[in-house]
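Got chain P; can you put chain C with the ligands on it based on the hints?
There are 2 protein chains.
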Amino acid sequence: MDSALGRIENLAHHLEINDTAAPITTASVGHIAALPVLDKDKVARLKLMLLAHPSDEVMETRRQIMEVMKEPLFTPQLYATIPEFREITLQRVKRLASSNILKLDELMTKFRKFVMFQDSLVYCDMSMAVKSSVQWGLFGGSVACLGTERHRSYFTAIDTAEMLGCFALTELGHGSNVKGVETTATYDEATKEFVIHTPQDTAQKIWIGNAAQHGTHATVFANLYVRGASHGLHPFLVAIRDPATGKTLKGITAADCGPKMGLDGVDNGRLWFDNVRVPGENLLNKFGDVDARGNYTTPIANPNVRFNAMLEALIGGRVTVSSMAMNASKMGLEIAIKYALQRRQFGAPKEELLIDYLSHQRRLFPLVAATYAYGISVNYVAGRFANRDERDARDVFLLACGFKATATWHRARTLQICREACGGMGFAASNKIGVLRNDADVDLTYEGDNTVLMQAVAKALLVEFKSYFTGSKRITGMLSYTYAKGHIGIFLRNKNFYVKRLHTEAHLLDAEMLLDAFIYREFKLLRMVVKSLRSKVKNEKMTGAKAWNQSLDLVQQLATAYVERVTIERFLDEIQKSDDGVKPILNLMCILFALTKIEDDMGWFLSNKYFAPVKAQAINSAINKICGMMREHALPLVEAFDIPAHLMTAPIANDYIAHYSNPKNY
Amino acid sequence: MDSALGRIENLAHHLEINDTAAPITTASVGHIAALPVLDKDKVARLKLMLLAHPSDEVMETRRQIMEVMKEPLFTPQLYATIPEFREITLQRVKRLASSNILKLDELMTKFRKFVMFQDSLVYCDMSMAVKSSVQWGLFGGSVACLGTERHRSYFTAIDTAEMLGCFALTELGHGSNVKGVETTATYDEATKEFVIHTPQDTAQKIWIGNAAQHGTHATVFANLYVRGASHGLHPFLVAIRDPATGKTLKGITAADCGPKMGLDGVDNGRLWFDNVRVPGENLLNKFGDVDARGNYTTPIANPNVRFNAMLEALIGGRVTVSSMAMNASKMGLEIAIKYALQRRQFGAPKEELLIDYLSHQRRLFPLVAATYAYGISVNYVAGRFANRDERDARDVFLLACGFKATATWHRARTLQICREACGGMGFAASNKIGVLRNDADVDLTYEGDNTVLMQAVAKALLVEFKSYFTGSKRITGMLSYTYAKGHIGIFLRNKNFYVKRLHTEAHLLDAEMLLDAFIYREFKLLRMVVKSLRSKVKNEKMTGAKAWNQSLDLVQQLATAYVERVTIERFLDEIQKSDDGVKPILNLMCILFALTKIEDDMGWFLSNKYFAPVKAQAINSAINKICGMMREHALPLVEAFDIPAHLMTAPIANDYIAHYSNPKNY
Ligand SMILES: Cc1cc2nc3c(=O)[nH]c(=O)nc-3n(C[C@H](O)[C@H](O)[C@H](O)COP(=O)(O)OP(=O)(O)OC[C@H]3O[C@@H](n4cnc5c(N)ncnc54)[C@H](O)[C@@H]3O)c2cc1C
Ligand SMILES: Cc1cc2nc3c(=O)[nH]c(=O)nc-3n(C[C@H](O)[C@H](O)[C@H](O)COP(=O)(O)OP(=O)(O)OC[C@H]3O[C@@H](n4cnc5c(N)ncnc54)[C@H](O)[C@@H]3O)c2cc1C
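Sequences listed follow chains P and C, in order.
Taking UniProt numbering, the leading residue of the first sequence gets 1, the next gets one more, and so forth.
Taking UniProt numbering, the leading residue of the second sequence gets 1, the next gets one more, and so forth.
Among the hints, erroneous ones may be present.
PhoX-like mimics (lysine-lysine), calculated; alpha carbons at most 20 Å apart, straight line [what the hints assert, rightly or not]: (1) P:K546 - C:K350; (2) P:K609 - C:K609; (3) C:K250 - P:K664; (4) P:K609 - C:K500; (5) C:K546 - P:K625; (6) C:K531 - C:K466.
What the hints contain is simulated information worked out from the structure, not anything from laboratory work.
Same shape as in the complex, but just chain P (with noise of 0.2 Å):
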């Protein structure tokens, strides 16, 4: 580690002779002008854009969802006990199947119609999104993406429900570090079948959706031993449940997770094996398999890469979770945003609307932009997912982990400061903020957890960093841009007395000036880090783990600083290719939310001397002066969130006086 550490350094160094990519022009959005009103055409524009620009058929599976949660089955059932709640759950799930929407197959073929299926739901019951995810996403997607032809034969059941899946991975003793599991998968010659084996209470499986009751069978992920030989983890699909009795198999013990701070809808649920045998084929042999002749055989042959094939084969998962997440803050913002535009509070002769306090306006104008902004990068992720090749595999898996860690961080906090944004009212179940924010906060956690899924990020960047040196890569992955354009502007501009100063509006609300901000500030970082990796192990003796445990500081920095990089390239590039007439909105937001995640680092961005003093406090004023400018378009930008009125049921996103005039609401 140490003599690559001090390569990168010395090399980076250089960096300004070195460079000779050619500098990627910038769209410049110009300057704020007066805005138009947004009218009906133009918020069905930020409709599309918001849905990615969805093709007829993506419509169509929208439309069709959104008809069935019209049904009296999907309506809010707040009083349900956790058995009653996990039924209810079920049926829904149940449902869904029989609506005939989604085919398993179109996981892989026509992703975006999946992510469209499974964000819709989150507007009606977030139990039943994860629900319909574990059974669709986690265990089809398994079945789908892991296993092969013989295979196939499973997808109706799966789609129509007949069989409930659950995903089964985490341990008690190993939830983060996967590679960890100890469960155990021991092939069997004589009988050419797998034997699955819990050997320790430690490497039973926890947190497994549908496995606490509906699930009937599961994708076990154990080490293959072959022959006495260890091949690493890999999946199994294992009958769990007699259906018709609902009875646990012979050698399988299940246990439930019991109540949850959320999400009470879905049985969480524990499991053992003793010793379960399941046929050869139950093996979904993508990425490894056992021949005929009892020989393990993988087309990867580095265990290492093999897993991270086969995760990388799922990840999908987790861009539907980023969707999920952002669904969800647009559920809180609307609601949020309705009830302040007709809650007074103070003030006299009339009393003041809430939205007309500058210091509501903070707390949930630069959400909605952030929300916009997110939302183009996620959607963007689907679509790289969505089209992918061998080739960005590894950026796609990169950009979905720092996507989903930001667009879940973002939907906790979104939704923490909607519930109080809404004083009381915002504690009502009815309301749903509330609800949502304790169902929804697992989404920090599984499908990765964020703090984790931020160093895989970081750890990413170094190697292309290194390799962007060494000239062993291409540089169009994740870095291209930032280097591109990173060392021949940035490092100069920065040196310049006059710009650092510079605090005029058109400065100030200038785009490019402000991209250039977070390329530096990446930049910057990677060098930083590179250097403390260094001198910890050079300096302080730690081995290469040390160091980089001690640095972790520096490291989420790093990675949230590429995924923010990200996000405002995004954000320009869809401003840049969108209709004349949304574009001074889009324009609006994109420097809004690049002003306040600016504000949110001020004081690295002035330790690192890129800004002066005088700059900062400018943009402290221009960001309430573009609040200002928001706020009268605070509820179209909301209602282009196009969420169905069917399911924007808080009393207090519609007239909640009325509402709540009638004792016998809630």
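This is chain C with the ligands only, laid out in the frame that chain P set:
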């Protein structure tokens, strides 16, 4: 407003020369030496400090209440339905009543005992804690603090919970702006009764604890009319349900607030009054009365001052909520740290403990330090309240506002971070953190919405600022310390180029230097608010109210600056008084608290040129270093929270592998 502000600003310019107050000496805590082990004796001292050095009687209260909570009635019932949970909560509160531990009149005479009673309940269940605080704090408190001798006869029935009460202030139309409530109480001279009436649906009382099901009585706030003249809000004791049948009485309509995002053991409800007659003596008449001849009488002629006096009399509830929030934070942190000390993930040959990751330390340790810091301050506020006299009622009121907002926001952040730091386990209801977070979330809103409370703090600071310059008030109020020290020392020091850049360890870890930074920020923000108001009124021709609403970003910052400055002062004061054995660890935490708060707001300090970039960077490293030093002391530091083992039921705070090895457990 304009001219007053102008005056203030002009005066502010003459600051340095005008100041004559003697500088107050700060305790310098010196530099950090190697820290001694926190043995049993030292932990015992920390425990007493965190419990605010309780008297024997208060300790005995604690012992008794903890003992009661060992009974089976108090074991967690995580599967309870909403109706069941409400019933369990009712039974628990009745059991608290029958324990005879607390008497209502002690709310006024032994406030420390009351707080200890209330905040201990948090460790068991938040719904019970809140229902108890409604009974003894809000309802009992209103009878005790707003009533007079003639209402003492109710005390016994309240203590035995024979009378179960509501505190009915908030209405559908008015929450934060309580002065706007619309319920009327019209004096009927003929019968000497008051007629309580809900004139329209916006005047329905809403969110009232105990109102949906269990309450037999309510303190109802209504606008008093005597002979056609309005006298503003007054509290009336109103019977609302027949205790025998549980039916609402004639003229009363009750409705249920329904399921919530937490706290479902409390039956929050809504109330309408249709010309309900109550006897004359049911006016809680401490601050206003109707005499035998039908004349309105009051000890406080000014209706605004009168209403404020009423609210100030009830401020104990706000202090209690702060103390409850501190205990919720303690619970979350103790669980998260105990888990981090046994959970291993990643790394070879042996996996690393979570607590050894720098990122984990940075997530949790500053929160431990802040919990000590705010804990000390909240104890201080409780002490000031317990010993208040009329002269400092206003100061205590504002301290209570500022620290309620700060303690509850800290609680929200702490529990969220703790929940994430425990990964999937943090999502289990049995592991407490998540449910506590859901239940406690309302503390951000009730007993005064945090955003609104912070405005009240800032407003008071401006008033004090003004009176300081006009000489109309002695300088012993909220700002005294800042002023005495602020002008002479800080402004001069700020101009010192050398100190700005100084970043030796000894300097960075010097408590005096850190306190100076907080004093400087508060003082500068005060001036900035004044300047902003003035310029908006004068140059932009806004009304005073509008200028205020458009300065709310600065206003919130100012209030935060005030609270944090007071927190550090209190912490330093506590350290000075404490035993030498625990001084080093308390120093370390005080400095960590100060440094992380500075880091959070580094953009401000740098853009106001209080620090130079080089110093900012050094602060960042110092935080990492201190986190490393705290590692060895993390366990004793959370054990000093002194949460009894029988309430530390979270499996992950104990041997979680043993627990989950049994499939019956969850
Ligand atoms: C409701 C729910 C549903 C779930 N559904 C499923 C399912 O259907 N199937 C399935 O297989 N799993 C499921 N999971 C499990 C989920 O995927 C895991 O919880 C997740 O992977 C995190 O693992 P963990 O809980 O063991 O946390 P850990 O890995 O133990 O992490 C705990 C904490 O330590 C931190 N940490 C860990 N490693 C590091 C490091 N190297 N550096 C810094 N910090 C670190 C993390 O940030 C985290 O805060 C579910 C979980 C929940 C709560
Ligand atoms: C579970 C629960 C229990 C409760 N128990 C009781 C009880 O027993 N008795 C009782 O009387 N009440 C009770 N309440 C009511 C509680 O006191 C109110 O909810 C609280 O006072 C806030 O009022 P509001 O909900 O009307 O919010 P609002 O005042 O409408 O505030 C809504 C939002 O607007 C913002 N806002 C308001 N004014 C301003 C301003 N001037 N500037 C900037 N921002 C502003 C606030 O920050 C907030 O985010 C309870 C509430 C809950 C949720």
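Hints, verified against the model:
no., hint, result
1, P:K546 - C:K350, "holds (13 Å)"
2, P:K609 - C:K609, "holds (12 Å)"
3, C:K250 - P:K664, "holds (18 Å)"
4, P:K609 - C:K500, "holds (15 Å)"
5, C:K546 - P:K625, "holds (15 Å)"
6, C:K531 - C:K466, "holds (13 Å)"
Comparing the model with each earlier hint shows no violations; every hint is respected.
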